[in-house]
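Number of protein chains: 2
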Amino acid sequence: MNILVVGSIALDTVETPYGTVTDIPGGSALYFSSAASLFAPVNIVGVIGSDFNLNQLQFNKNRPINFDGIYIEPGKTFRWGGRYHKNLNTRDTLFTHLNVFENFKPKIPGSYRKSELVFLANIDPNLQLQVLDQIEKPRLVVLDTMNYWIRRTRDTLIHVIRRCDVLILNDEEIRELTSQDNLVIAGKKILELGPRYLVIKKGEHGAILLSRDIYFAVPAFPLEQVVDPTGAGDSFAGGFVGYLAECGQFSKNNMRKALVYGTVIASFNVEDFSFKKLLSLSQITLQERYKEFKRITTY
Amino acid sequence: MNILVVGSIALDTVETPYGTVTDIPGGSALYFSSAASLFAPVNIVGVIGSDFNLNQLQFNKNRPINFDGIYIEPGKTFRWGGRYHKNLNTRDTLFTHLNVFENFKPKIPGSYRKSELVFLANIDPNLQLQVLDQIEKPRLVVLDTMNYWIRRTRDTLIHVIRRCDVLILNDEEIRELTSQDNLVIAGKKILELGPRYLVIKKGEHGAILLSRDIYFAVPAFPLEQVVDPTGAGDSFAGGFVGYLAECGQFSKNNMRKALVYGTVIASFNVEDFSFKKLLSLSQITLQERYKEFKRITTY
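Going down the list, the sequences are from chains B and L.
Using my numbering, the first residue of the first sequence is number 21, and each one after it goes up by one.
Using my numbering, the first residue of the second sequence is number 21, and each one after it goes up by one.
FYI, nobody ran anything at the bench for these hints, they're computed from the structure.
All values reported here derive from a predicted model rather than from experimental measurement.
Misleading hints may appear alongside valid ones.
Here are the computed distance ranges between Cβ atoms for each label pair [what the hints assert, rightly or not]:
no.	chain 1	residue 1	chain 2	residue 2	range
1	L	GLU122	B	THR318	31 to 39 Å
2	B	ARG216	L	THR42	56 to 64 Å
3	L	GLN303	B	SER231	28 to 36 Å
Simulated crosslink set (DMTMM-like; lysine to aspartate or glutamate; CA at most 25 Å straight-line) [said to hold, decoys possible]:
no.	chain 1	residue 1	chain 2	residue 2
4	L	LYS314	B	ASP191
5	B	LYS314	L	ASP292
6	B	LYS106	L	GLU196
7	L	LYS314	B	GLU308
8	L	LYS277	B	GLU192
9	B	LYS277	L	GLU312
10	B	LYS314	L	ASP191
11	B	LYS208	L	ASP71
12	B	LYS272	L	GLU312
13	L	LYS106	B	ASP191
14	B	LYS272	L	GLU244
15	L	LYS106	B	GLU196
16	B	LYS208	L	ASP292
17	L	LYS209	B	GLU244
18	L	LYS106	B	GLU291
19	B	LYS209	L	GLU266
20	B	LYS209	L	GLU244
21	L	LYS208	B	GLU291
22	L	LYS297	B	ASP201
23	L	LYS209	B	GLU312
24	L	LYS311	B	GLU196
25	L	LYS208	B	GLU196
26	L	LYS272	B	GLU192
27	B	LYS208	L	GLU291
28	L	LYS208	B	ASP292
29	B	LYS314	L	GLU291
30	L	LYS106	B	GLU192
31	B	LYS106	L	GLU244
32	B	LYS208	L	GLU244
33	B	LYS297	L	GLU308
34	L	LYS208	B	ASP185
35	B	LYS106	L	ASP201
36	L	LYS272	B	GLU244
Note that beta-carbon positions come from the ideal geometry of N, C-alpha and C, so glycine has one too.
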């Protein structure tokens, strides 16, 4: 099953205790795709400036990623800069230059309008609505967002949430969206809005899958070294949605395993800058870590 | 297999968003025993003042707890007061009156000196050493401590750690003890000191069991209402050690299951003030939650 993702494509400048990198490929759509394409074909819709060289992405030719939906506009690509603190759990945003992303109006190519599996990466909820209006009859819509939109475009965001099947948020975002400290109660409040599933990302503390009749929780994969947490959430979503696309059906058990694949994929992503680790990841290495994860969670 | 626990017995005054209670039974030894006695016989060694009425504990007569090692001294019982913040994850200590606990010198009754399973609850490491010197040949020594001792009696604490088999700490304590943010690396540092196992408690984020060849992690049991977190760590230890005592042998798989029982037991404990919930807990209710926990962690 093909996946359609609409999101940002960026050039990031990132400082972590392991070094500083400038203008490296980033953005939610690319992080997501580098992960999801390990499982299923991915069609990206996004925008870049004339300064972005898609060839520099060095995506493995065998990876089924279709860049045809990426629009090239005159001007500069979206740029983001961030500095991580010593423990890598918190960061300061140093700058956000929207550039060509500022006037992005997602136009879904005709061949993508019958997409069955849609991932709305973290962009303006108004644009997410525009995307949904162009998709004919998706079987599963998975939605990501962030605090910025929860604070600024809350009502529109709620509209998008009502139209999605799976909402992926981190624990802070859920607390902010529901004004509720207790994650179990907060999660139920969100399910009442409409989504069938809620995925709660907790970073180094793991993840939770919630529906009306499922509560499923996993720890994080233990890592001795986190080099760059950028894109952890997007690559998590890529593993999660990618696995569902590979399965082609969204049973409860597949949803649970998708949470595990999201967790495992995110653990690779943070081991190097940008999504370098995901691009070179083999199926063997991925399956080995999945098995290792099974060992550390089975009793 | 019988368990010997040496720890504090207190009268606590606790403020949480759900109310304020004054002079309710508490202390590490009692929290531990109310949990561990669900699995195996427990012998307590501790001290109380003449103001403490053991009968007021209302321990179920069927619970195998032996109070013969509790010394009654003239004066007041150890008192602790704390106020929890709104989210219940942080608290302020309002007062600590050691009272009769100040001059406590644990004397282990002769009949307890052959104890095979010893839990050294959170007390002065110098006293923990005195206890170990009185035990003939324990098969498993499980140790708890807290930041207070890590800061004030670090060297003595390291001596005790070298002599224990299982060290139980929370994530903050491990980071403070090792000056290492990354829990995996911090855990390995601690294992190098001597313990065969390290248990890392992470509160609402679950727990981790670590040895030279095991990494095992569980999430917390999801609760919609936490009434009073006091004693969560001690009751966790009670479930963990209690299950091992019931098994009578400490295989890797039993250690993993013990971590799950610790998690499940702690989840009951925080649902009411003091250890009321644990005292009235039935085997049926306990096993039901264990099965529920299995459901929420299996894929």
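Now the hints, each set against the structure:
1. L:GLU122 to B:THR318: 31 to 39 Å: 47 Å, violated
2. B:ARG216 to L:THR42: 56 to 64 Å: 47 Å, violated
3. L:GLN303 to B:SER231: 28 to 36 Å: Holds - the Cβ-Cβ distance for GLN303 (chain L) and SER231 (chain B), about 30 Å, lies within 28 to 36 Å.
4. L:LYS314 to B:ASP191: Between LYS314 (chain L) and ASP191 (chain B) the Cα gap is close to 23 Å, so the pair holds against 25 Å.
5. B:LYS314 to L:ASP292: Violated. LYS314 (chain B) to ASP292 (chain L) sits at ~34 Å, over the 25 Å cutoff.
6. B:LYS106 to L:GLU196: Distance ~15 Å between LYS106 (chain B) and GLU196 (chain L) Cα, so the pair holds.
7. L:LYS314 to B:GLU308: Since the Cα atoms of LYS314 (chain L) and GLU308 (chain B) sit roughly 24 Å apart, the hinted pair holds (cutoff 25 Å).
8. L:LYS277 to B:GLU192: 31 Å, violated
9. B:LYS277 to L:GLU312: Roughly 18 Å between the alpha carbons, so the hint for LYS277 (chain B) and GLU312 (chain L) holds.
10. B:LYS314 to L:ASP191: 23 Å, holds
11. B:LYS208 to L:ASP71: Between LYS208 (chain B) and ASP71 (chain L) the Cα gap is close to 46 Å, so the pair fails against 25 Å, i.e. violated.
12. B:LYS272 to L:GLU312: 16 Å, holds
13. L:LYS106 to B:ASP191: OK: LYS106 (chain L) and ASP191 (chain B) at ~17 Å, within 25 Å.
14. B:LYS272 to L:GLU244: Judged against 25 Å, a Cα distance of about 23 Å means the pair holds.
15. L:LYS106 to B:GLU196: The hint holds at about 15 Å.
16. B:LYS208 to L:ASP292: 23 Å, holds
17. L:LYS209 to B:GLU244: 12 Å, holds
18. L:LYS106 to B:GLU291: Given that 25 Å is the threshold and the Cα spacing comes to 36 Å, the pair is violated.
19. B:LYS209 to L:GLU266: 41 Å, violated
20. B:LYS209 to L:GLU244: Judged against 25 Å, a Cα distance of about 12 Å means the pair holds.
21. L:LYS208 to B:GLU291: This hinted pair holds, its Cα atoms lying about 20 Å apart.
22. L:LYS297 to B:ASP201: 23 Å, holds
23. L:LYS209 to B:GLU312: 22 Å, holds
24. L:LYS311 to B:GLU196: Cα-Cα ~32 Å, so violated.
25. L:LYS208 to B:GLU196: With a Cα-Cα distance of about 36 Å, the restraint between LYS208 (chain L) and GLU196 (chain B) is violated, given a limit of 25 Å.
26. L:LYS272 to B:GLU192: Distance of about 36 Å is beyond 25 Å: violated.
27. B:LYS208 to L:GLU291: 20 Å, holds
28. L:LYS208 to B:ASP292: 23 Å, holds
29. B:LYS314 to L:GLU291: Cα-Cα ~31 Å, so violated.
30. L:LYS106 to B:GLU192: 16 Å, holds
31. B:LYS106 to L:GLU244: 33 Å, violated
32. B:LYS208 to L:GLU244: 10 Å, holds
33. B:LYS297 to L:GLU308: Not OK: LYS297 (chain B) and GLU308 (chain L) at ~42 Å, beyond 25 Å, violated.
34. L:LYS208 to B:ASP185: 42 Å, violated
35. B:LYS106 to L:ASP201: At roughly 9 Å apart (the allowed maximum being 25 Å), ASP201 (chain L) and LYS106 (chain B) satisfy the hint.
36. L:LYS272 to B:GLU244: 23 Å, holds
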